[in-house]
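Here the protein sequences come in this chain order: A and B. Per UniProt numbering, residue 1 is the first one in the first sequence, and the count goes up by one each step. Per UniProt numbering, residue 1 is the first one in the second sequence, and the count goes up by one each step.
Quick caveat, the hints were computed from the structure, so don't treat them as lab data. A portion of the hints provided could be inaccurate.
Note: identical chains are not told apart, hence a pair may lie in one copy or across any two.
[Said to hold, decoys possible] SDA-like cross-link-like pairs, simulated, lysine to any residue; straight-line CA separation at most 25 angstroms:
| no. | residue 1 | residue 2 |
| --- | --- | --- |
| 1 | 427 | 512 |
| 2 | 104 | 128 |
| 3 | 507 | 106 |
| 4 | 316 | 473 |
| 5 | 101 | 516 |
| 6 | 387 | 411 |
| 7 | 101 | 118 |
| 8 | 296 | 243 |
| 9 | 516 | 175 |
| 10 | 427 | 513 |
| 11 | 157 | 246 |
This structure is a prediction, so every number in the text was calculated from the model and none was measured.
2 protein chains.
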Amino acid sequence: MNILFIMYDQLRFDYLSCAGHPHLHTPNFDRVAAMGVRFTNAYVQSPICGASRMSFYTGRYVSSHGAAWNGFPLRVGEHTLGDHLRDTGMDCWLIGKTHMKADKEGMKRLGLAPDSVIGARQVECGFDVWIRDDGLWGSGPDGFYDEKRSPYNEYLKSKGYEGQNPWADFANAGINEDGNIASGWMFANADKPANIREKDSETPWLTARTVDFIEAQSGPWCAHVSYIKPHWPYIVPAPYHDMYGLNHVPAASRHEVERDDPHPVYAAYMENRISSAFQRDDVRQKVIPAYMGLIKQCDDQLGVLLDHLEKTGRLKDTMIVLTSDHGDYLGDHWLGEKDLFHDPSVKIPMIVYDPRPEADGTRGTTCDALVESIDLAPTFVEAAGGKVPDHILEGRSLLPWLHGEKPEWREFAVSEFDFSPTPQAVKLGLEPRDCRLFMVFDGRYKLMHAEGGFRPMLFDLKHDPDEFHDLAKETGHRAEIDRLYAMLAEWGRRCAQRVTRSDDDIKGMRGRSIRKGILPFLVDGSEVPDELTEHYRGPAPQKHTGG
Amino acid sequence: MNILFIMYDQLRFDYLSCAGHPHLHTPNFDRVAAMGVRFTNAYVQSPICGASRMSFYTGRYVSSHGAAWNGFPLRVGEHTLGDHLRDTGMDCWLIGKTHMKADKEGMKRLGLAPDSVIGARQVECGFDVWIRDDGLWGSGPDGFYDEKRSPYNEYLKSKGYEGQNPWADFANAGINEDGNIASGWMFANADKPANIREKDSETPWLTARTVDFIEAQSGPWCAHVSYIKPHWPYIVPAPYHDMYGLNHVPAASRHEVERDDPHPVYAAYMENRISSAFQRDDVRQKVIPAYMGLIKQCDDQLGVLLDHLEKTGRLKDTMIVLTSDHGDYLGDHWLGEKDLFHDPSVKIPMIVYDPRPEADGTRGTTCDALVESIDLAPTFVEAAGGKVPDHILEGRSLLPWLHGEKPEWREFAVSEFDFSPTPQAVKLGLEPRDCRLFMVFDGRYKLMHAEGGFRPMLFDLKHDPDEFHDLAKETGHRAEIDRLYAMLAEWGRRCAQRVTRSDDDIKGMRGRSIRKGILPFLVDGSEVPDELTEHYRGPAPQKHTGG
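Chain A extracted, bound-state conformation (with noise of 0.2 angstroms):
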């Protein structure tokens, strides 16, 4: 069997027909529903790029793996899908994008090479790279944001875009009224259809490298095929820069309440550059149709894939999973980009179709378990035939909810979210480690720690799915509130760095010593074991005789 690990950035759990969205008509992602299970309450571990891909990639979580914000690097060493995979025998290949920074200080200590085979997949979270294309390719006066090279502008220059950097003047700009370049990066742009062909744009491009990767392989093999949209800039080729409109603008999910003595960090985060954009209507009504058109352009290229799988026998033989590395707020609770943990952020789409018979009693059904992101790198360990390293990996196998059992599962999920770098930590006065906040849901109850001395923040989805009422800044709540820190007491206590011993290495080391001459706390020596007698009491050796 293979695995093709499909990723799109920033796309929100409930921008997706099969998940209800009233406007936004998805037909491939809601086919692969329909063969598969979609699971209705997957969080990823922490709400922005790096370090949920991080998690997603060594199925560990934030705290587990340390790299904890974007450009944070992945120590050395830490153990990835791609080792875990390539021991089961799987290659493991990368097509798109990562946001994995390497450590090239612990490199450096331990003498990788970054050209060695080794140190390539060091250097590329455990990927072998089929293409990589982290996609955002920002430049300014101290250069691009991203020092890489980028396989996508290469192929923008050898089609004729012109410039030194055709992503940001074409791919992600349009024109405006004087013929001149109107950037993508500004809302004001966002209904301009971007100055590229459709065909020539990201999405179809990153499709079509991913087909090329199918037809050269003999398998099996794990694609990680990871989409830079909808992402923004936000800014959409034709035919899909004007396919929504405001009609098709859902209200921005907020309330006063939220503004009434808000969490300080949740206040920092609602006065910050981007929330102040989303609270304006105009900007929800260029973005939000561009988001959409960059979210129907993925389907129509997911149709691509699915219709290449069928055509070629793949589709009998190759799990498909369709997910994201954490949402978007758009506007919902006075914020926008993701970073907090309402579920518009901290929630994402999770599809898996599994194509072995065993999965047929389940296509087309949904799944409310709480699923984890590091869920999926175990998941894909078992389906490659593989015993889960449950000492390193902290996830836990899908399979059998996809074979339609009923596991025991988890009680809870965590997510983590590091601001240490931001605006957000400077407005508050917070020294680095203080800028961690953890999230600890039930299910039912959602409960936000800060680190730094703030009180928590507390929602219950049963009775306020919108997450506007915040129960912390009440009393008479205390009785949830611990147990939610219980669990996420319970959580930090876990055995996340035994990695170098199995539960089998451990339990196989049980009562060896003594066969090894280790026998302390004898008093005589009647406790020796009869099979033992004879090698710890044997013949004398001679006295001493040293010269």
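On the provided structure of chain A, position chain B as indicated by the hints.
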């Protein structure tokens, strides 16, 4: 300045005359205490050799480095004291025992050759090896407990001690009435003189190697001189074997109330072989005088080192640390060995001499601050003139205390014990991840939390300094228990793995991305700072002319 970091194995905090022992006179330990500061509340991160030492050598808690029990490999790439000291230009050498097991799997995964300089340091816990001998040369039908070579056994053979394992047959054995070997593994033989010349026994042998080392150095150096004694086997050569007798053996510090409804984990330890042995007066009467003799020999050999340093002028520029990896119950609390969290096991001697004038004001004093074994690594880095990498090292430098300052300090100490490979785990029917104990001590109250659904233990050392009365058996101490659990929860959320970004790095990242073209969330560009306007509203590129 140089650093002489001396560790004794299984040396109780209170078996020194400077710590108030009524019978054991240790003038050389006392001499260092008179030159420096004796810390009277020093605790190990785990009361067992391997895990405790990995915390000393990494400056990190056991749950952070993951090497939770003897023989659990230290994960490849974990930062060590040697890494940090070499960054400051100071060498870091090993002379004696570390009990470290290399992460061979991890090294293979990263392609590290054990015979390369980098690989050799990975294998040896970051040390350069002057001499390594872990000092436990038990052998049985399954071979040697320790697979490495034994420089000490080689030394003994070169001196004419015969047989395959003279460590066992001479250094750790006496001769019985029939002229046969009387193994030191058996307490019944603890009163016999070891069948070896005193100068060839382990402690003088390692002292001589240390003198060789010091004479060979130009400096600056840090030397970890790590003695196996007074660790069992409990047998010592003449004249130390009969220096102490019955009148020097204190009554066991134990109480019937401890056997009344004991905590299940404590109960399992009270019932094991070693504890049953130490519950016998005849065993304590044979073992404790031998244990005292071993310590007396350590003190005499410390005198040899001090005299050598003084004679060569090194006493003026060498920091000296005397400590231990854990204690020894010796029958107290109905227990033998170490492992649990009563003071005789988890509390250690910690004497630090700083030769510099800044320390003149504190010479000969004691300090009752809550010290953890992980505090030594940052102390050494700072003493070596380096900046403490506090995103990696979890301890705190002791230099402020040595220099008469009153720093803000921790409110509680944490220790951990993983008993997953032990017979107690089998007896209690526990899975490996439930075999984990945590101690939280705030200077007065000591809480033990046990995973696996057990109740905690609680002691009030102010009113019960002997730790006989487990307050968690009663009701009415909820507030203290909750307060200590809150400390444990705070500790569980600590920032332990964010090791690739220092706080300074993070502060430096704040606000950088806009200068590299990441301009999300601009409404119309008017938000761009003036100095960037030209860049971001520069001349338009040609329109798309893509062919």
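Here is how each hint holds up against the structure:
Taking identical chains as interchangeable, the C-alpha atoms of residue 427 and residue 512 lie at most 25 angstroms apart only when they sit on different chains, with a minimum of 16 angstroms there against 57 angstroms within one chain. Proximity of residue 104 to residue 128 under the C-alpha cut-off of 25 angstroms is found in both arrangements, the shortest distances being 18 angstroms within a copy and 24 angstroms between copies. When the C-alpha separation of residue 507 and residue 106 is checked against a cutoff of 25 angstroms, the pair qualifies only between copies, where the shortest distance is 21 angstroms, while the shortest distance within a copy is 33 angstroms. In this assembly of identical chains, the alpha carbons of residue 316 and residue 473 never lie at most 25 angstroms apart, being 53 angstroms within a copy and 61 angstroms across copies at closest.
Taking identical chains as interchangeable, the C-alpha atoms of residue 101 and residue 516 lie at most 25 angstroms apart only when they sit on different chains, with a minimum of 16 angstroms there against 45 angstroms within one chain. Proximity of residue 387 to residue 411 under the C-alpha cut-off of 25 angstroms is restricted to the intra-copy arrangement: shortest distance 24 angstroms within a copy versus 43 angstroms between copies. For the homomeric pair residue 101 and residue 118, the shortest alpha-carbon distances inside one copy (16 angstroms) and between copies (23 angstroms) are both at most 25 angstroms. In this homomeric assembly, residue 296 and residue 243 come within 25 angstroms of each other (Cα to Cα) only inside a single copy, at 9 angstroms, whereas the closest approach across copies is 88 angstroms.
Only between protomers do residue 516 and residue 175 lie at most 25 angstroms apart by alpha-carbon distance; the minimum there is 23 angstroms, versus 78 angstroms within a single protomer. For the homomeric pair residue 427 and residue 513, the shortest alpha-carbon distance between copies (17 angstroms) is at most 25 angstroms, but the shortest distance inside one copy (57 angstroms) is not. Proximity of residue 157 to residue 246 under the C-alpha cut-off of 25 angstroms is found in neither arrangement, the shortest distances being 35 angstroms within a copy and 91 angstroms between copies.
Violated hints for the displayed structure, listed by number in ascending order: 4 and 11.
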